[in-house]
Structures are given as C-alpha cells and as structure tokens.
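Asks: Between the sequences and the hints, there should be enough to build the whole structure, so can you do that?
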Amino acid sequence: MSENVKHIEVHRDDEAAKLGMWLFIFTELLLFGGLFLVYSVFRAKYPANFHEGSLELSVTIGAINTIALLFSSMTIAMALTAMQKNNKKLAMQLIAITLLMATVFLFNKYIEWSAKFEHGLYPGSPLMPHLDRGHLLYFSLYFFMTGLHALHIIVGMVLLSVCFFRVRNGGIHSKKYVQLENGALYWHLVDLIWIFLFPLLYLIT
Amino acid sequence: MTETKKIEYVSYLDRQGEYKGIFSWIFTLDHKRIGLMYLYAIMVLFFVGAIMGLLMRVELIAPGETIMKAQTYNGLFTVHGIIMIFMVVIPGLSVIFGNFFLPILIGAKDVAFPKLNRLSFWIYITGCILAISTQFLKKGPPDTGWSFYAPYSTTTGTNVIMATFAAFVLGFSSILTGLNFIVTIHQMRAPGMKFFNMPLFSWAIYATAWTQLLATPIIGITLLMLIAERLFGIGFFNPALGGDPVLFQHLFWIYSHPAVYIMILPALGVISEIIPTFCQKKIYGYKAIAFSSIAIAGVGFLVWGHHMFTSGMSDQARWFFSLLTFLVAVPSAIKVFNWLATMYKGSIDLKPPFLYALAFIFLFTIGGTTGLLLGSVATNVQVHDTAFVVAHFHYIIFGGMGFAFFGAIHYWLPKMYGRMYNMKRATIAWGINFVGFNLLYFPQFILGFEGVPRRYYDYLPQFQTGQVISTIGGFILIAGLILMVINLVQGARHGEIAPANPWQGSTLEWQIPSPPSLENFDEAPVIKKNPYDYK
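So the sequence lines, in the order shown, correspond to chains A and B.
The first sequence begins at 0 in numbering that gives the first Met the number 0 and counts up one residue at a time.
The second sequence begins at 0 in numbering that gives the first Met the number 0 and counts up one residue at a time.
To be clear, the hints were calculated from the coordinates, so they are not data collected in a lab.
Since the structure is predicted, the reported quantities are computational estimates derived from the model, not experimental observations.
Possibly wrong hints are sitting among the right ones.
Claimed, not checked - Think about it this way: if two alpha-carbon atoms lie no more than 25 Å apart in a straight line, the pair counts; the simulated DSS-like pairs of lysine-lysine are: (1) LYS114(B) <-> LYS174(A); (2) LYS108(B) <-> LYS17(A); (3) LYS108(B) <-> LYS175(A); (4) LYS17(A) <-> LYS115(A); (5) LYS114(B) <-> LYS175(A).
Unchecked claim - Listed next, the stretches of chain B that the computed footprint assigns to chain A, with coverage defined by at least 3 CB atoms under 8 Å from CB atoms of chain A: (6) 228-242; (7) 384-392.
What the hints assert, rightly or not - Among chain A residues calculated to face chain B with C-beta under 7 Å, some are: (8) ALA15; (9) GLY19; (10) GLY33; (11) ALA76.
Positions of the beta carbon are idealized from the N, C-alpha and C atoms, including for glycine.
Replies: Written out as structure tokens, the structure is:
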C-alpha cells in the first residue's frame, strides 16, 4: 500500500511551463498597456510640454541602453542554444554577459535619474508643482514607466542569476532547459518593453 | 495496483503525506485540499462582510444616527465592498469549486502547476490580512467606497494605500489562478477529452480564467498609480496637477466591469451542471452554452463605459457603450433559455441544489433585466448612484453568484466530504434565504427609483417604510444563512455516508469514490462523447 500512496508522480510538462510563461508575459504587457494608455492620453492633451520634456533626456544614454538590452537579448538566446547543444561553459559565459549588460543598463539609468534629481525634476520635489502641468506629467510618467521597467530588469536579473547557478550545478541541462527558456522569454519581454519606452520618451519630440 | 487498492482505499482527506496534522494542509499541493482551504477562508470572510452589511442595515432602520457615526458607516460600506468583491465573489466559485472540480471534470490528477496553486492561495491570504488590517490601523478604514474613485482617494486621510495594495496583491493571486486554469485545460485533459466533451463548468472556468488574466493587470497598474499618486504626487488623476479623474474611472472600470463576469461566469457554469443532473436530461444546446460563456467574456471587455454615463463622456461613446451593454445581455439570455428548455419534459427532482438553481434563474433574471435599465443612457441618468444600483448589483452578484455558490456547495458537498447533509433543513434554509433576500433587496429598487442615493448614511423620513422592510429582510436572510451553514457543517462532519453518486449525475466527478483519492482517478477515466448522456 505504502507504494501506492507516495507522492503524486513528478509530472513534467515543458509545454505547459512555456504556455504558462507566455500567458504571464501577456499580463505583463497589459500592465504596461495601462501606462501606455495614460501616456497617450496626456501626450494628446499636452503635446508641447511633452516635446520640451523629451528634449531634456539624453538620447545618447538612451541609445546606449537600447543597444545594451538588444545585445543582452541576443546573448541570452545564444545561451539557450548553447545549453541545448550541451555546451555548459559557453552557456554560463553568455548568461554572465547578459547579466553584465543588465548592470550596464541599470548603471546608466542611475546616472540619468540622479541628473534629474539634481535638477529637482522628480515627483514630489519642491520644483515640480511650479512646472507647466504637461511638463510635470511628462516627468511623472518618465519616472513611473522607467522605474517599473527597472524593477522588471532587476526581477529578470534575479531569474537569470538563478538560471546561472542551476546551469552550474547541473539542474539545467541539455535535456531539461525549460527554466532557462522561460527566463530568456522573460528577458525578451523586458527588452521589448524598453523598445517601446525608448521612442515614446526619448525619440518622439 | 488494482489489487492493493481493494485492500484499502485512502481518500484525500485521510491520506498521510510527508507532513502531518495542520502542516499537511498548509504545505499541501493537492488541488482538493487547496480548494477546501479557500472554502473555509471565504466562508469566514463572507460572514465578516455579511455582518458589516447587516450593521449598515441596522443603521438605516431609522433616519439620523442610529447605532454609529457617519464616518464609521463610510468605513463599513467601503470595507464591506472590498471584502465581498475582492475576497469573496471574485475568487469565490473559481478558486473553491474550480480548484476542486476542474481537474476532476476533465479527467486530470491535478492542476498544471500545483506549486503555483499553493502560492496563489497564500498570496490570497496575505492580501486578505492586509485588507482587514486597514480596519484596525491608526488612520481608520478607507472611506472611498470599494471603487477608490480619484481624486477623493488621493486626498482622504484614511488607510487607502494599504487597502489598494491589498487589492493589488489579491489581483496577483487571481492572475496566477487564472493562468493555472488555462494551462490546465489546455494541457491536462485526459486522453479522449476534447474541448467539446468537457462539462460546461469547465467552459465557464476557462472563459473566467481568460478574463482574470487579461483584465486584472489593468487594475494592478491603476492601483499602483493611485499609490504613487498618494506617495509622490505624480498627478495622473489630480486635476490640480493637470491629471484627469475620469481617466481613473476608465482604468478602474476597464478591469472592474470584466470583473463582474469573473464573478458571474462560474456561477452560470454551476447552474449548467446542476440543471441536467436534477432533470436527468441531456442539456439543451451544449455548444450554445459553451460559446455564450466565451461571448460574455469577450463582449464584457467592451462595456465598461456604462458605469460612467454621468461622468463626462461624448454622446457617441455613450450610445456605443449602451449598445454593447445590450449586446452582452444576449448570450446571458441564451443560457437562461437553454436551461429552461433542458427542464422541459425532464424528470425534475426538487432537491436543494436544484432549488438554488431555480432561485438563481429567478433572481438573475431580475438582476439582468434591471441591468438593461441601467445600460440605457436615459434611465441610467435617472437612477445612477441610487439604491437602485445597489439592488441591481446585489441581485446579480448575491442572488446570482451567491445562490449559485450555495447551489454548488449543496450539489458537491457529498463528493467533497463523502457525507450528506440533512435535506429537509437544507430546503427550509433555502426558503428562508429566498424570502429574506427578496425582502432585503427588492425595496431598494423602489427606494432608488424614488431617489434615495447609495452610500448615504441618512435619508428623508418618507423613505423609512422601505428601509425598515429591507432591514427586516436582512435579519431573515442572515438567519437563513446561519441555518444553512450549520446544516452543511453538521452534514460534512457527522452526516450519513453519501454514496459515490447520490444525484445520478453523469459527469466524471460522480464516477469516482467520495471523497476522491489523492490522484482522483486510480484507473483511467472513461470519457463520454457527451458529458450529459442521460437518455
């Protein structure tokens, strides 16, 4: 009898895990979708202020960050392929490069944010209520959107770090890599959202 | 395998796993035990919310201050709304009966992600604790109403941040549950169980899960914006900073209208299970009912504007939202017609689950048709924000989802616990509930039409008759509910041993022993082409 009442047999279904991740990515897109909606409403209401606001951001730093994220998306995809081909060492190196790119992104974000803080352009600052309304909303949106995105970068970094150690101790291998695949999917999502944020905040003037 | 099973059968309730006692519940991965834990949590919260409702009714028994201060009243209706909506009816049927029966109905051993399921439960409990703590924290319970309308919610001194954060956490749990159920239905169906062999409750859960998944993130981001608004003054919803309070209403209702379908769709599914069983007849229009669930979920996304006819919208937007609101009534009506057609010439057995289903159809029809009154722009302007809306909403959600819930627990309790409750007492409790419910809420239609606003602490003396009838109905209803719960608890603990299939049901859950074993199906289930093949 005791044999029959053991655990539920370990049920492994990689298809299900991937489907679940895709559904979760849907919800993340909708989360940002709400913000894009708010952005478009206020952009339509205050086009001139949004124009001025975007001039105060550095397109160079934004572009460097975009390249860093696009490059990291490539390296994580390569890490997955390396894992499928059972090249453990290469996979670990590529995950490490991805994490490095993420750190570069966050470092640049830190530089950008602290410059804005120095100028008093942050929600709740004494200066903000004296700005034009559209200007104020632009910077509120800027901090809210990039802040939420940076939070996602950090979550993605945690996921990929877990993957890194699981690859190292053999938890992820060439026959079982769905966790790395899902981590990579999440990382692509983080990248994709930035691909929308960059033009909305920096390029459209 | 079959030999050992004959020697000893262990149900999921008696099974000893690696954890003992209470930890075998806290750490359980079994969808049935998680379903039961949700049941206990939600029953407790339901009674907390119901007592709050009763206190409000007592306050309204006479004009002026009766038993509490106005600010207490504001806190009560807000927390009553938050508890009942975010913790009782939105999860309600889908986390309890969806968890317990969805895998069984599709011939699966568990949900697709058992660990995620356990995580959603504990996130849910965290959200509940956060929300209830707002009652006791220093600044007092939120007084914004459950809808947290800006700009008041951005300025009031009460615990709005904690309450909205609780709603955010509960939403996260809801998303994870929905995600789990979608993947379960896609990946875990038993071999031979095609989509159109699934019982209709699974279809309803499927439609609900998609709505949970796609709508909830919007309220999530909205509540985050509200929290940021309060903490940092980001100004999105504050006109003084250039923001737009109507934008908050849009974002809020983009979620909260589909949320009404998250509440009611599983209820429609339950009724579609109960009616064929107690008529011993094949359900009429299986595909029409299945597709109407999907249609309600789909169109339900596009009607949120009917909550805002008086908030400032263009005329085009108003007639368009009104038209869509009328459209969403069509699939609901299709279901009602199909249920009635199923009963026609069936061998009807008036057992308590079926009585609750009948009460559901009656109350849901009243709630639905008064919803059309609210959906047409002209009458909406007249009755907007009056007691009429309160009555309509409670007819749909309490009369609809609530009575379907009671029907479901009476229908499935013998399967969940392997014991039967007292039929006679259950029938008496049903009668009391039905009478009490109508006494409680019907007068509010009339009061609303005469102009009594909702959420008001006081009223003019000429409205007292209606208010008194309503309060009396409240006491009758709570008495009926207490009788019902006592009967169910006694039945579950000491009732007669129930046979595996007490109602001669034909869906899969009735083909396995009561209570089910850990893996539900010790032998591979036989999948029928039509889940309701009675004749």
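Asks: All hints are to be evaluated individually against the structure, with a verdict given for each.
Replies: Now the hints, each set against the structure:
no.: 1; hint: LYS114(B) <-> LYS174(A); verdict: holds (22 Å)
no.: 2; hint: LYS108(B) <-> LYS17(A); verdict: holds (20 Å)
no.: 3; hint: LYS108(B) <-> LYS175(A); verdict: holds (23 Å)
no.: 4; hint: LYS17(A) <-> LYS115(A); verdict: violated (40 Å)
no.: 5; hint: LYS114(B) <-> LYS175(A); verdict: holds (19 Å)
no.: 6; hint: 228-242; verdict: holds (count 9)
no.: 7; hint: 384-392; verdict: violated (count 0)
no.: 8; hint: ALA15; verdict: holds (4 Å)
no.: 9; hint: GLY19; verdict: holds (5 Å)
no.: 10; hint: GLY33; verdict: holds (4 Å)
no.: 11; hint: ALA76; verdict: violated (24 Å)
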